[in-house]
Amino acid sequence: MGAATPITIGLDSGVVCLTLMTQYLRQPADPDAIRHDLGLGERTADRVDLVRAAKRLKLKAKIARPSPKRLDRLPLPIIIEKADGSFVLLAALSAGKVLLQDPQSVLLAGIICGGERCVQQS
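For what it's worth, the numbering used here labels the leading residue of the sequence shown as 372, then goes sequentially.
The set of hints was computed from the structure by calculation and includes no laboratory data. Glycine is no exception: its CB is placed at the ideal position from the N, C-alpha and C atoms. Careful: at least some of the hints might be erroneous.
[Unchecked claim] BS3-like mimics (lysine-lysine), calculated; alpha carbons at most 27 angstroms apart, straight line:
#1 Lys426 to Lys453
#2 Lys440 to Lys468
#3 Lys429 to Lys453
#4 Lys453 to Lys440
#5 Lys433 to Lys468
#6 Lys433 to Lys453
#7 Lys431 to Lys453
#8 Lys468 to Lys431
#9 Lys453 to Lys468
[Stated by the list, open to error] Per label pair, the in silico range of CB-to-CB distance:
#10 Gly412 to Lys468: 33 to 41 angstroms
#11 Arg441 to Arg414: 28 to 36 angstroms
#12 Ala404 to Pro439: 18 to 26 angstroms
#13 Ala466 to Gly410: 20 to 28 angstroms
#14 Leu445 to Val419: 17 to 25 angstroms
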């Protein structure tokens, strides 16, 4: 199996971040529709999937590795991949402070799901 085996978790942080981004841009998208359109099945979206989904939603997207010094020059919000392969949304950057929205946070997941589709996390 090795590296080709998809990792499945209860929450697709990349798709949730993309959904948050579309809400911020006032072009809301449905996370279930994004997952279906990408044909993800049981696996979570990777960075290539997210770029493909963003482009299908008519958003500008590319994979980049900007230096921390250049972050203040990037148009926000942006999706950042963490070392563990999950994603967070960088929503704001000001005076050396950042606003990160992490879909794996129970509070944020409750807000995103509106309490209806949310899976209770312990």
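Hint-by-hint comparison with the structure:
1. Lys426 to Lys453: Within the cut-off at roughly 22 angstroms; holds.
2. Lys440 to Lys468: Within the cut-off at roughly 13 angstroms; holds.
3. Lys429 to Lys453: Distance ~25 angstroms between Lys429 and Lys453 Cα, so the pair holds.
4. Lys453 to Lys440: holds, 18 angstroms
5. Lys433 to Lys468: The hint holds at about 24 angstroms.
6. Lys433 to Lys453: holds, 16 angstroms
7. Lys431 to Lys453: holds, 21 angstroms
8. Lys468 to Lys431: holds, 25 angstroms
9. Lys453 to Lys468: Holds. Lys453 to Lys468 sits at ~18 angstroms (cutoff 27 angstroms).
10. Gly412 to Lys468: 33 to 41 angstroms: Once the Cβ atoms are compared, 39 angstroms apart, the range 33 to 41 angstroms for Lys468 and Gly412 holds.
11. Arg441 to Arg414: 28 to 36 angstroms: holds, 31 angstroms
12. Ala404 to Pro439: 18 to 26 angstroms: Violated: the Cβ-Cβ distance is about 34 angstroms, outside 18 to 26 angstroms.
13. Ala466 to Gly410: 20 to 28 angstroms: violated, 42 angstroms
14. Leu445 to Val419: 17 to 25 angstroms: holds, 20 angstroms
In summary, the numbered hints that this structure violates are 12 and 13.
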